[in-house]
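Trainee: If you read the protein sequences in the order shown, they are chains A and B.
Numbers 63 to 520, taken from my numbering, label the letters of the first sequence in order.
Numbers 63 to 520, taken from my numbering, label the letters of the second sequence in order.
If you are wondering where the hints come from, they were derived from the structure by calculation, not from laboratory data.
Misleading hints may appear alongside valid ones.
No distinction is drawn between identical chains; accordingly, a pair holds when it is met within one copy or between any pair of copies.
Claimed, not checked - The calculated lysine-lysine pairs, modelled on DSBU-like cross-linking and capped at a C-alpha distance of 30 Å, are:
id, residue 1, residue 2
1, K104, K165
2, K81, K185
3, K185, K165
4, K165, K430
5, K393, K81
There are 2 protein chains.
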Amino acid sequence: MSYNKTANITAETINPRVKTFNYEPCGEIARHAERLQEELNKNPGSRPFQEIIYCNLGNPQALGQRPITFFREVLSLCDNPALLNRDEAHLLFSQCAMKRARKIIEAMPGRDSGPYTPSQGIKSLRESIADGIAGRDGYPSRPEDIFLTDGASSAINLTMQILIRSEEDAILCPLPEYPLYSGSILLHGGTMVPYNLSEDGDWGLDIFEVKRCLEEARISGLTVRAMVVINPGNPTGQVLSVTNQEEIVEFCRKEGLVILADEVYQDNIYVDDKKFNSFKKVARSLGYTEDDISIVSYHSVSMGYYGECGRRGGYMEICGFGEDVMGEICKVASLTLCPNIGGQILTSLVMDTPKIGDDCFENFLAEKESILSSLAKRAKTLEKAFSSLEGVTCNRIEGAIYLFPRIHLPAAAIKAAKTEGVSPDIFYACRLLNDAGIAIVPGSGFHQVRLLDSFISV
Amino acid sequence: MSYNKTANITAETINPRVKTFNYEPCGEIARHAERLQEELNKNPGSRPFQEIIYCNLGNPQALGQRPITFFREVLSLCDNPALLNRDEAHLLFSQCAMKRARKIIEAMPGRDSGPYTPSQGIKSLRESIADGIAGRDGYPSRPEDIFLTDGASSAINLTMQILIRSEEDAILCPLPEYPLYSGSILLHGGTMVPYNLSEDGDWGLDIFEVKRCLEEARISGLTVRAMVVINPGNPTGQVLSVTNQEEIVEFCRKEGLVILADEVYQDNIYVDDKKFNSFKKVARSLGYTEDDISIVSYHSVSMGYYGECGRRGGYMEICGFGEDVMGEICKVASLTLCPNIGGQILTSLVMDTPKIGDDCFENFLAEKESILSSLAKRAKTLEKAFSSLEGVTCNRIEGAIYLFPRIHLPAAAIKAAKTEGVSPDIFYACRLLNDAGIAIVPGSGFHQVRLLDSFISV
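Here chain A stands alone, though its shape is the one from the complex (with noise of 0.2 Å):
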């Protein structure tokens, strides 16, 4: 592709911001990746493998997940709402999903599932999250501090672009990060604090050593305005205990940082001795309001037991800002003028799924049982795989749907990546694409050891 010198857009002339990040589950391996299976369909053979296994992103259903069907026929029925005049439909959809479609529909503007909704999503979807998350929680929670949006991914990147100012605003991150956090951040034009989970200690959070890293960010000048927590946690799969949860409440609401919840994976729990509390949950039952601290909690469509990544559906609540701020917050959701109504509509189901009594109960639950199961036994058959392997270490997985083992690799393999000018990760996760057709993210793609202790700005 050739370009036109006169306007002269390169990367060298677009935002430099945009240069300073890098986002690896979609980046080199996945394009390489993409390269190798048009390769290997234009030349069937030409490689030891039929197909790539896309291991670099958590797409479940890219890999054979299959979606809950309550949901698939409810998105159907609300984008064709005639169905539900027809006599027919009852062929081919649940008394259930044909029910809570029109339950949407008849709340929706204009009864139907075509025009803008506000910015901040459909109100009546908005109730129906807010009593999924109270009925969760067992505290309130109201409908006015939810926002839907396209995904958790774009409430991440709209809630960074509200809180910051400048390179001199600063969130605390986990390492091994998911680094849709470090690539919101620098585009953002903040900067990122890292705080270090600790792999010898089962991914376990540190509040002595979060505390070092917002002593040594303010030292340097810097504001923390934030802090992230994954939980459950990606890439770690660790599942951060009450008591944890109520260290790092205490230290948030003591230092005047903002948590930002990553409560994504909170239906992803695979040991019994663990269950998913949300940071709202733990700061309401040590008595604390949104006066004493502000939380952020980002859910999603597509992981769960419902992965369905594809549809971008997902919301954020937030608690504590102040109203002028979720006024702004409305103002720039409005640049883009809605988030996409399946992906709301989607996002209602999965905070009010089928009860006891509804004609699809039983199949949903099924279906859901089904999915977790197999999601519990794929990631205790990993985890078993990995600590056989010779050289390669792996933490137990507690929860999410990743595992994040440690590989220590010969001598010999760390001279040959060294000989290739790439990093030893890289050079593994390359061989094991090109040689077995498995697409994974190197450690470094999650900045783990390479950023270890240092500031990434831009």
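We have chain A already, so just place chain B on it with the hints.
Mentor: Positioned in the frame of chain A, the structure of chain B alone reads:
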């Protein structure tokens, strides 16, 4: 709502760029309209009208426009591909929709509509869109130049994020302007350089006026990177002549400006003496390739006869940027993972509609023509009504779905506005809302007059 004083997240402490812009179509009048509607729901009869008529946003389905059956059938089937294997589905869906849905699903990763797609969008859908563009223009289009997006607004925001490096970078925009442009430019830290459309000359675009603005901007030390042209015009409803478009192409080529061509109203033209020509077609017909001029064309599923605003589908076709820039755009897009799948599918449908011989063709055509003739009729009715009102003048509407009348208020009204401490246009819009239930956007919301001849920057 109270807020947490420790973290101190208030309108005074957030990103100051957020406070520099307004997006009036979703602004104060729209919020007041929503409050009024709620009041009316509780207290029917409390006002001399039953419900608010929302004319503040191009949102046709909210005003009763019906969706195209074929589009909704395909979406409904793609949401629930299991239907494609059910005999009973033939009772509810046209052959044509089932065939298309099958084709779309078969080309999808994982043969379902659930997974994340590539950040640029699904390749097979981009191929259909490229074919549609090539068919429309008579010049080739490449799928690798097309980025699928969550509506045109996401594409516009992404472009600004890429092009703007600092407030010295400027973008030429028409006045009256669709305020998404100023909003996005200011939010991303750039400067908007307005050029005036001529109200006395049917909202014509005078290239000497644009040249004058460019020169003034350069004298002020600004680097002007691009020129926004909205054709058919939003909010002004004019359609550019080919001669005028040729002048713009020559001007931008000579001055090294990217043409940002907002072409979302390409299917909305109501006069026989004008037709839509894309800027790319005009440039190619002058013999210019992407080596000579860079053009980004935006399109969306929200307008035209489709009106599927809430679906958030759209694309941009980028011609003339370097390949490295395309990679960087992909990277920024990957921070929100991918555009929503429903929107992607719908965008491909809009660019590849049923053909003669398809079983649904007659019905599709009838629905399309009925919507377009209704839009044309209403446009003419409104134009006539405005022209016959005392104190109102209005240019001819040629395309898009808006009229931008000038309202000459009597001195008493201007005085009353002054007493209330608001500008006369806002005073008028509030009275129209309170007394007649009609929500509009005051002229200043499009920066008409108020910002004439001044640069808008942070």
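Trainee: Take the hints in turn and mark each one as holding or not.
Mentor: Going down the list of hints, with the structure as the test:
no.: 1; hint: K104 x K165; result: between (48 Å within a copy, 20 Å between copies)
no.: 2; hint: K81 x K185; result: between (38 Å within a copy, 25 Å between copies)
no.: 3; hint: K185 x K165; result: within (13 Å within a copy, 36 Å between copies)
no.: 4; hint: K165 x K430; result: both (23 Å within a copy, 29 Å between copies)
no.: 5; hint: K393 x K81; result: both (27 Å within a copy, 9 Å between copies)
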